[in-house]
Each structure stands twice: as structure tokens, then as C-alpha cells.
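Peer 1: Place chain Z on chain V using the hints.
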Amino acid sequence: MIQETMAASETGVAMNSTFWTATAVFLGVYALIVTEKVHKTIVALLGAGLMLVLKILDQHEAFHLEEFGVDWNVIFLLISMMTIINLMRPTGLFEYIAIRSAKLGRGEPMRIIVIFSLVTAVLSALLDNVTTVLLIAPVTLFIADALEVDAVPFLIAEALASNVGGTATLIGDPPNIMIASKASLDFMAFIYHLAPAIVVIMVIFLLLLKVLFGKKLVAREDRKQRVLEMDEHEAIKDPVMVKKSLFVLAFVMVGFVLHGMLHFEPATVALFGAGILLFLSGTHEPHHILAEVEWPTIFFFMGLFIIVGGVVKVGLIKWMSIKMLAITQGNMFETSMLLMWFSAFASAFVDNIPYVATMNPLVVDMAHQLWPNLQGLQLLHAPALMPVWWSLALGSCLGGNGTAIGASANVIVVGMSERAGQRISFMKFFAYGMPVMILTVLLATVYVWLRYYVLKI
Amino acid sequence: MKTVREIMEPVTTWLLPTDTLAEAVRKMRTTLRKPPNVYGVKGMVVVDTQGTLVGIVSVKDILRAIMPSYMELAEVGGMTWPGMFEEMAQRVKDKPVSEIMHGSPVYVSPDATLMECAELIVKKNLWRLPVLEDEKLIGIVYARDLHYAIATELFGET
Numbered sequence: 001m002i003q004e005t006m007a008a009s010e011t012g013v014a015m016n017s018t019f020w021t022a023t024a025v026f027l028g029v030y031a032l033i034v035t036e037k038v039h040k041t042i043v044a045l046l047g048a049g050l051m052l053v054l055k056i057l058d059q060h061e062a063f064h065l066e067e068f069g070v071d072w073n074v075i076f077l078l079i080s081m082m083t084i085i086n087l088m089r090p091t092g093l094f095e096y097i098a099i100r101s102a103k104l105g106r107g108e109p110m111r112i113i114v115i116f117s118l119v120t121a122v123l124s125a126l127l128d129n130v131t132t133v134l135l136i137a138p139v140t141l142f143i144a145d146a147l148e149v150d151a152v153p154f155l156i157a158e159a160l161a162s163n164v165g166g167t168a169t170l171i172g173d174p175p176n177i178m179i180a181s182k183a184s185l186d187f188m189a190f191i192y193h194l195a196p197a198i199v200v201i202m203v204i205f206l207l208l209l210k211v212l213f214g215k216k217l218v219a220r221e222d223r224k225q226r227v228l229e230m231d232e233h234e235a236i237k238d239p240v241m242v243k244k245s246l247f248v249l250a251f252v253m254v255g256f257v258l259h260g261m262l263h264f265e266p267a268t269v270a271l272f273g274a275g276i277l278l279f280l281s282g283t284h285e286p287h288h289i290l291a292e293v294e295w296p297t298i299f300f301f302m303g304l305f306i307i308v309g310g311v312v313k314v315g316l317i318k319w320m321s322i323k324m325l326a327i328t329q330g331n332m333f334e335t336s337m338l339l340m341w342f343s344a345f346a347s348a349f350v351d352n353i354p355y356v357a358t359m360n361p362l363v364v365d366m367a368h369q370l371w372p373n374l375q376g377l378q379l380l381h382a383p384a385l386m387p388v389w390w391s392l393a394l395g396s397c398l399g400g401n402g403t404a405i406g407a408s409a410n411v412i413v414v415g416m417s418e419r420a421g422q423r424i425s426f427m428k429f430f431a432y433g434m435p436v437m438i439l440t441v442l443l444a445t446v447y448v449w450l451r452y453y454v455l456k457i
Numbered sequence: 001m002k003t004v005r006e007i008m009e010p011v012t013t014w015l016l017p018t019d020t021l022a023e024a025v026r027k028m029r030t031t032l033r034k035p036p037n038v039y040g041v042k043g044m045v046v047v048d049t050q051g052t053l054v055g056i057v058s059v060k061d062i063l064r065a066i067m068p069s070y071m072e073l074a075e076v077g078g079m080t081w082p083g084m085f086e087e088m089a090q091r092v093k094d095k096p097v098s099e100i101m102h103g104s105p106v107y108v109s110p111d112a113t114l115m116e117c118a119e120l121i122v123k124k125n126l127w128r129l130p131v132l133e134d135e136k137l138i139g140i141v142y143a144r145d146l147h148y149a150i151a152t153e154l155f156g157e158t
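Heads up: the protein sequence lines correspond to chains V and Z, in order. All letters in the first sequence, in the order written, are residues 1 to 457 by the working numbering. All letters in the second sequence, in the order written, are residues 1 to 158 by the working numbering.
Pulled out of the complex, with its shape left as it was, chain V reads as follows (with noise of 0.2 Å):
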């Protein structure tokens, strides 16, 4: 009782009965998600009804309070963007893409690599990374086998690339999404604060492609004749919806790209397009293209807002940012640096979407301690925390790429490529992710320092 009261008056935390056992369910599913004994989506909603049950949350707070629930405008931008994409995927539109690009690359592997990897983080940067890499690297298996060089190589270029290019914008990576959600900045923001600093990531990154795999990718010229005879026509199935659909995007890009102006949620321009590429596909079976959601990350991303709403709750998120302080001090500088680096190692050991879930109500208790007296937008638009939101976001998306089970594309690329019979083992991912995770850390350090604590502008 003594030691309670103590610690109470330390962080002014009341470390109660019901504060330990929020903070037990916790743990316990961040440590069942790391051994991934269980299905994390599993995990997730079983925590998520402990908070319930446990009557940590009521049920009220869980699903109606942005506080401490389900944040409904990340669920409704992915449900809405993988229906769009559910619809694109049928055309052959990516197949084409991609295969227009190995053409381009005139059938030699270093060229193809630099081209495929280039298309890949454009494309994460438009859609999610996960469907990303799906769409691609099966006809990265193709071209490799068509060329009969190792498709290996191509494959963790793409998978390192779409979690580049996804740090790009806010419907790029699910960290941004939620970083978003929670502190009200909109797609532009991400483009003028993000995207500089990915373009030069992304240089870089094309240039080591060829340090990394240069001397290995070498093709017989009757097999990259095989390439430059493919006719890339022959992918697309339905060149009616392939204008429909592209129609469809480019409104929903202008939507993203206007939202802050016009007063939209991106869930609300997403949703909308989502509606209409539904409406014009004129399909009477929707159940089809809906069932294909991802619906287990979609609960997944629902069972941790409650789970983590539990913990923000008992005030267990704010003990943690009081003890982070005390670290730093409240220096600003080293808060960035110190959140940018953890985030990174810990996004490539732990799914950076539970991850950020837990950090982002941190940032924001962080932030009440700094100044008391401001609220709202002035609090989470504070000039001083800018740079903590923009060093939360590159951290734990860059830092997917540190292991193979880092980002959810990398666990993808790397079972598909099992599946064709060409293993990554974990360490064979680790020898080229970590050094470009680590790379692209300390390039992003230097944007940071160099753009808002040096510059800052």
C-alpha cells in the first residue's frame, strides 16, 4: 500500500489493482504475438474481450471513444482501399505493369531488379505494401524462371522497397494510417514531410542494389529474349475496368491530396471511392470481392485499439511517457532520435501495427506533460512535436525491414518464395535487411536533424 502510494505520487499513476491487471493482459498479448504460438487476430480480439470483461473499458469507450477504442477511420481507409484493390487485382493491370517493366529492363536482371524495385515502392506509396508485394513478386517468379536467373535477389529488393516507398505517404504503411488518425495530419503533411526524405532514401537504396546483388544477376541473351517477347496485352482480362478502375484511383489520389483542404477524413474519400468502383464494376455478387478483405488484419487492428485503449485507460501508456522523458529530459531533439532508433529495432523484431498502437497515445501523453495548457490540434500540431510524429512514422516503417518477420510483406515474400521452392531463411533476410534498415535509419536521422533541428523549416 506504501509502495502504491509512492509510485502514485511519483507519476501521479494510481498503480491500483486494475491498473496491474490491464497492464498483465497486456503484456500477455504482446508476448503471445511475438511467439506466435497463437493467431495474432486471435490474440488481439481475446485481449481485447478480457479489457471488456475485466471491466478495464466499458463497452461504450471500446467502441465509440477514439480515446480508448476502436479508431474507425484507420478500419474504414484499409477496408474501403483493399476493396478498391480487390477489384483492380482481377484486370491484370499489375501483371501488365509488371511485365511492361521487365521489358523496359530490356531482360537484364540488374535493370529489371532496379525497375521492379522502383515500381514497388511507388506502388506501396499508392496502396498498402502487403497487396504490393502480392501483386508483384508472383510475376517476379515468373520473369526470374523465364530468365532462369535466382529470384531471390529480386524478391528482397521488393520487399525492402515496399516498406520504403510505403513510408512515402499515409495510405502507404498502416503505421502511417494510424499516426495520421491520432494526430490529425493529413496526406499532404506526409508528402511534404515524409516523401523528401524517402525520394533520397530511395536513390540510395537503388544505387546498393547493385553493390548487393550485381555480380550474381547475369542472364543468357536467348532467355532474356524470352522476356522481350512476352506480350504484355495478353495480361490485361478486362480493359473495361482497367479504365473504370484507374478512373477510380486517380479520383480517390485527387481525394487524398485535397482532403485536408476540403475537410474530409481519408476513410470518408476512400470509403466513397470504394463505393463508386463497386457501383461502376456492376457487379450483382459483392460478397466476392468483400469476403476478399483482409479481415483478419482488420480485427487485428480492432482487437489492439481496445487493447491498448485498457492500458491508456489505467494510465500505464502514461507512466511509460513520464519514464521516457525522464530520459530525455524533454529534449526535443533527443526524444525524435531516441523514438526514431527504438522504433526501428523494435518495428523489425515486432509488428510494427501493435507497435505503433501502443506509441501513439504514448506520444500524446508525452506531449500533456510537455505543455499542460494546450488541447486538441494545438497540442498534437505543437511545432516542437512535429518532428517526434515524423520520426515515429520513418522509425517503425523503416524498421520493417530489418528481419524477415519485420513487415507484413516481408513475411508474404518470403512464404511465396518458400512455396516456389527457393527459401529465405532468416538470416539470409537479416544480411541484407538489417544493413538497409540500418542505413536508411541513419538517413532518415540526418533529414530529421538536418530538416527541422538545423534548418527547421
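Simulated from the structure, these hints should not be mistaken for lab results. All the given hints hold, so there is nothing to weed out.
Result set (DSSO-like, lysine-lysine): computed pairs, CA atoms no more than 30 Å apart in a straight line:
hint	chain 1	residue 1	chain 2	residue 2
1	Z	Lys60	Z	Lys42
2	V	Lys237	V	Lys224
3	Z	Lys123	Z	Lys27
4	V	Lys428	Z	Lys93
5	Z	Lys124	Z	Lys2
6	V	Lys216	Z	Lys95
7	V	Lys237	Z	Lys60
8	V	Lys224	Z	Lys95
9	V	Lys428	Z	Lys95
10	Z	Lys124	V	Lys237
11	Z	Lys93	V	Lys216
12	V	Lys224	Z	Lys93
13	Z	Lys42	Z	Lys95
14	V	Lys210	V	Lys103
The structure displayed is predicted, hence computed values, not measured ones.
Peer 2: Just chain Z, lined up with the frame of chain V:
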């Protein structure tokens, strides 16, 4: 009214899980199918050395093994190069049957009704049902056996 026991055919040939894909193709091509006394069967049961049924392999399973896994995920069929099919067949020829077979196949008991067999064949898109009694493989019911039973009922064909 007939049961499975009356219409099933005896098991005369089978594959071992350790056979290679090439051996499976050879066995299937050289097995005499009767009637109508031509060589080549479209499927075979896989039985281990203890005589236990462990799987079933059809021509489609062999085609699936030859088709690279990425073709299930991307539609690149229209862009494949001449000779790819033969190249892929060479690539997978040493794969063991255990990797390409359908494990835990659907089976029936000898006392099952023909209606039950028809249901399984239609719903699960099968052509043959192994018949198991006390976990021992004692025969196979083919779709053609059911077809023959229909002919017997309608026209008295024997």
C-alpha cells in the same frame, strides 16, 4: 438396391509415397484400365509399405505440381514462353509423390449407399472413392461404377 461392396473394383495398382513424380507418371501411363482395355489411368491411390491408404494422385495433381506456384497467384499464362511446360516437367520430375498427392483423401465404407457416394463425388468434385474397412483399403468406387449402376436401373444393362 446395391451397396458399395457390390459395385466397387479391386485395388490392383498403387503408388508409394516415396515414388517420384516421374515414376508416378510412368505407372499411371502403363497401368491397364479395364474396361475398355486401354493403357493409362487418370488417378491412383497412394499406399504406404504397411498397406495403409495415405493419399490419392490424379492427373490434375501432376499438372498442379508442374505448374509453378506463382501461376496460381498471377495470371501470366498468356505470356508463357514456348517450351516452359516441358521445362517445368523436367524440373519437378524427382519430387516425391507424398509432396504432390492429396493427403487424407475422402473415402467411404463398404456399407455406404450409392447416394452417399454420388453426393461425395459431386460435392467434392472427385472421380474415385477409396473404400476402407477397419482402416484397410479394400477397393475403389469410380464415378463410372455409379454410372453403370444407373444404366442397370434404367435399361437393365449388364
